[in-house]
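The listed protein sequences derive, respectively, from chains Y and S.
My numbering puts the first residue of the first sequence at 1, with every later residue one more than the last.
My numbering puts the first residue of the second sequence at 377, with every later residue one more than the last.
These aren't lab readings, by the way, just hints derived from the structure by calculation.
Idealized CB from N, CA, C, for every residue including glycine.
Treat the hints loosely; a few may be bogus.
[What the hints assert, rightly or not] Derived Cβ-Cβ restraints for the label pairs, each shown as a range:
#1 Y:Ala85 / S:Ala676: 42 to 48 Å
#2 S:Gly614 / Y:Ala191: 38 to 44 Å
#3 S:Leu822 / Y:Ala89: 45 to 51 Å
#4 S:Glu692 / Y:Gln184: 48 to 54 Å
[As the list claims (entries may be wrong)] Rough simulated footprint, nothing fancy, chain S against chain Y, three-plus residues with beta-carbon under 8 Å:
#5 12-20
#6 56-64
#7 179-185
#8 197-207
#9 210-220
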Amino acid sequence: MTGLMREGDPVRRLEVLRGTTPPRPHDARAIAALAANPGCARRALMDGAGIDKDAAARHLGFPAPFGQSPFAITRGNAFEALVKADGCAELLRMLREVLGLPIAEVAYHDVENVGAHLRHAHTRALIDRAARDGQDAGTLYDHPLLSLGIAGHTAYLEPDVVAFQLGGRFHIVEIKSFAVIDGQADPSAVAGAARQAAVYVLALRAMLEELGHDPLMVSHDVVLVCPENFANRPVATLVDVRRQLAVLRRQLARMTTLDRLLDGLPDDLTFDLRPGEDGRPTRPVAELSDALRRTTARYAPDCLSTCDLCFFCRDEARQEGASDLLGRQVRDELGGVASVDEALGLADGTRDPAEGQEEIARLLRNAERLRRECLT
Amino acid sequence: MSLLTSLARLRALDEKIAQPVATVRHCHLAERPMVFIPLKLSGEAAAPLAAMLGTDRGDPRLLVVPQPRNRDLRFAWAAELAGVLLPYVEGFLGATETVERRNADPYERTVDAPQIIVPNQGGVAFARLLGRSTRFRRPDGPYPVPESVPLLGRWLTYFAERAAYPGSSLMLAATDELGRHWASGQSSLEDANLAALMSWITTGPNDEAEDPLVWPPAGPATDPGFDAEVLAPAIDAGSPERVAEALRTQLEPTWRLMWQAIDLLAGLPEGASVAQRWEQDRGSFSGMAAHIAEGAPPQARRDGAVAAAAKLARMERAQAAYDVQRAYDDPLVMAEYRLSGEAFAGEVIETVPDNVEGEGRSRKLRPLVVIKTDDPVRLAPGTSLGTPQRRAQGAALVSADDGLVTVKITKGMGRGRTAAPGAVPEIGERVCYTSLTDDFQGSPALPEAEATPWTHGGPPQEYTPVDEDAQEEWS
Chain Y
1 MTGLMREGDP VRRLEVLRGT TPPRPHDARA IAALAANPGC ARRALMDGAG IDKDAAARHL
61 GFPAPFGQSP FAITRGNAFE ALVKADGCAE LLRMLREVLG LPIAEVAYHD VENVGAHLRH
121 AHTRALIDRA ARDGQDAGTL YDHPLLSLGI AGHTAYLEPD VVAFQLGGRF HIVEIKSFAV
181 IDGQADPSAV AGAARQAAVY VLALRAMLEE LGHDPLMVSH DVVLVCPENF ANRPVATLVD
241 VRRQLAVLRR QLARMTTLDR LLDGLPDDLT FDLRPGEDGR PTRPVAELSD ALRRTTARYA
301 PDCLSTCDLC FFCRDEARQE GASDLLGRQV RDELGGVASV DEALGLADGT RDPAEGQEEI
361 ARLLRNAERL RRECLT
Chain S
377 MSLLTSLARL RALDEKIAQP VATVRHCHLA ERPMVFIPLK LSGEAAAPLA AMLGTDRGDP
437 RLLVVPQPRN RDLRFAWAAE LAGVLLPYVE GFLGATETVE RRNADPYERT VDAPQIIVPN
497 QGGVAFARLL GRSTRFRRPD GPYPVPESVP LLGRWLTYFA ERAAYPGSSL MLAATDELGR
557 HWASGQSSLE DANLAALMSW ITTGPNDEAE DPLVWPPAGP ATDPGFDAEV LAPAIDAGSP
617 ERVAEALRTQ LEPTWRLMWQ AIDLLAGLPE GASVAQRWEQ DRGSFSGMAA HIAEGAPPQA
677 RRDGAVAAAA KLARMERAQA AYDVQRAYDD PLVMAEYRLS GEAFAGEVIE TVPDNVEGEG
737 RSRKLRPLVV IKTDDPVRLA PGTSLGTPQR RAQGAALVSA DDGLVTVKIT KGMGRGRTAA
797 PGAVPEIGER VCYTSLTDDF QGSPALPEAE ATPWTHGGPP QEYTPVDEDA QEEWS
């Protein structure tokens, strides 16, 4: 290694991990999901290096089980367009109702006008001005670009809209196309939206802090805009994301820093897909899969709805006979017995409990005795 | 989930086939159930796309909305659905029996009731939303709909509500019922996939069950790949036949699985308390039918405070009763309570059938039974006990140590000086006693709806149908 490339330089190491594959940026959804499973080293490394997990999973023969229907995409886009039409006219109407925003304060900035490469700097300047002047700065920022340091890597994020209110508080506006019916929405959809919005709040607070302003100028109440009942008419609701913020902050801080994860790995380890001229991966599948197996994953069935690599990790957990496969509930119930063979061995009495396993072994043996009695 | 179920899941994973977690069937299965598989348009709350339904496995009806974004076609579809579901539901109203009640007028109860079986909880949720989006509609005024559509909405709302009621079998989700009787070697999250769960139960795990090209999702959401590559082009081509054929390919595999699931459940002997719960279902169904016949308005958008509290209390009692009944009906369910020390089973090794307590007039027969058990007993002396072997009997724990438990029978052994024949278990008999009892719990004292305190929003406004509800957009 040359002097310029210090051994263990995390940025360079991450570049090696990614290799010649083009990087894939994080979005808020990915960050929210990352916080859901912070103990997964494989995911932290792949995300940190900006690796396209979807492409990797496809190449490995374990394509991710999710996709979005064109109908859902069309509906989502149409709804967002409706809310933002005519300089966010419809959105303003709702903001006035929910936040009590006086009409005179309203101005509309579409940050996208400046072109992608300048958007972040431009957003920064606009927010700085708004935070400093307070009174006459713009009210609505469409297509802003925020950033957040994730595991030593900068992720760029695009909230739907940032609103600035007279009272000196910024509000994140999140536009979602799931319906609110008679004041109630799908709890998992709302939870997902709240987690995602919390990422934006955190990013905007970080930006304000960097600029020397009070980060608490960003409200922990986000404005969730959804269609009401079965129609397309939007309705706004304030959602308190303090809990999600606390979880996110804790998880991001606790997330083992990538340096430490990288330390245990061989220098030349790479997850490169080696895309050929047509962009198709050329790396032998076995080689890539071996490389991935050098890092530890922490599979849980919840991964099936959040991580592109879930089928690969599930397959690995199957081969290892890990009780993680059956879900957290079963794992918790087995308290400290990690493998299926071990648990069944304890239940059958063919394996002696290790220290600390006496209680669970007794329970398992009893459970096995009862099942046998009832089924024969 | 208990450790017993966890162990069954581990065993299933190891043996590559699902393991039983029940020895009897805990749900009622109708002679002629209505299998209903709805599909909705992705991204919409309750925009119907298609449904396959029917009571004859050889003759499914396929109902399709050829252009799902067209509101008139959606209502036409709802009317078609009503044309199948309403005659089925109303077909049970003819034959009734008179039920005498203490302190109340006798009422008419249907001798049988409809049963709708959907693939999963998503199907129940769709029924609820479809009910919500149609029950306020009107056959007259602006945006009129066929008369059957609001009636369908009220019934669908009723069935979906009933699906959440513990122990009710009027609307069943196949994956839930299968999961109550078999433990697969996958997580409960993955059990929501009907094809995957069925394959665990019948042939063992099969990755194809998760491949939407082999086993299309059981709805109500469709496979995004199918939406993009097949459905969207068919809709754009404006050919109703193409759309219908495309949707048929997505529904037929699930249709076959549903009937296979019913066969599996039918293969289990019915639990002893199932008929009693079905009787309650019949009573509830008759009540709903009477409600509609009296011309009552559709169910409100939201329950008032008192109605909600009363409903919650009813559901809690139903849940408690359902848990107890399942344990009494099924030794494998009882085993969970034996594992936690709330029940014990074993062999009778000694009895004192003529044991008495007290003197003179207060002299009472209290037969004693000593049971040898391997179960960990965590019950205090004096705890009242019940036993699945003699359901009318009451007992109390006298002492428990070293695997020997002494129980005295306090009730249900006859009024004579000696116990009725068969009331006291014989030496050598296997018995089970538990602190779990299905004692009648009174309902909480709730005020009349008109007396709802201001802390709970005051008296709720009576729901009166308004034009706005009937004209609500459905885009």
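Going through the hints against the structure:
Between Ala85 of chain Y and Ala676 of chain S the beta carbons are some 34 Å apart, a value that contradicts the proposed interval 42 to 48 Å. A C-beta distance of roughly 39 Å is found between Gly614 of chain S and Ala191 of chain Y, which places it inside the suggested range of 38 to 44 Å. Separated by about 47 Å at the C-beta atoms, Leu822 of chain S and Ala89 of chain Y satisfy the suggested range of 45 to 51 Å. Between Glu692 of chain S and Gln184 of chain Y the Cβ separation comes to about 21 Å, which falls outside the hinted range of 48 to 54 Å.
Here the stretch 12-20 of chain Y counts 0 residues with a CB under 8 Å from a CB of chain S, which misses the bar of 3, and the coverage is violated. Counting residues of the stretch 56-64 of chain Y whose C-beta lies closer than 8 Å to any C-beta of chain S gives 0; at least three are required, and the coverage claim is violated. For the stretch 179-185 of chain Y, the stated coverage by chain S is satisfied: 4 residues place a CB nearer than 8 Å to a CB of that chain, which reaches the threshold of 3. Coverage of the stretch 197-207 of chain Y by chain S is violated. Counting CB-CB distances below 8 Å, 0 residues qualify, and the rule asks for three or more.
For a cut-off of 8 Å, the count of residues in the stretch 210-220 of chain Y with a CB near a CB of chain S stands at 0, and the three-residue condition is violated.
Consistency with the previously given hints fails for numbers 1, 4, 5, 6, 8, 9, ordered from lowest to highest.
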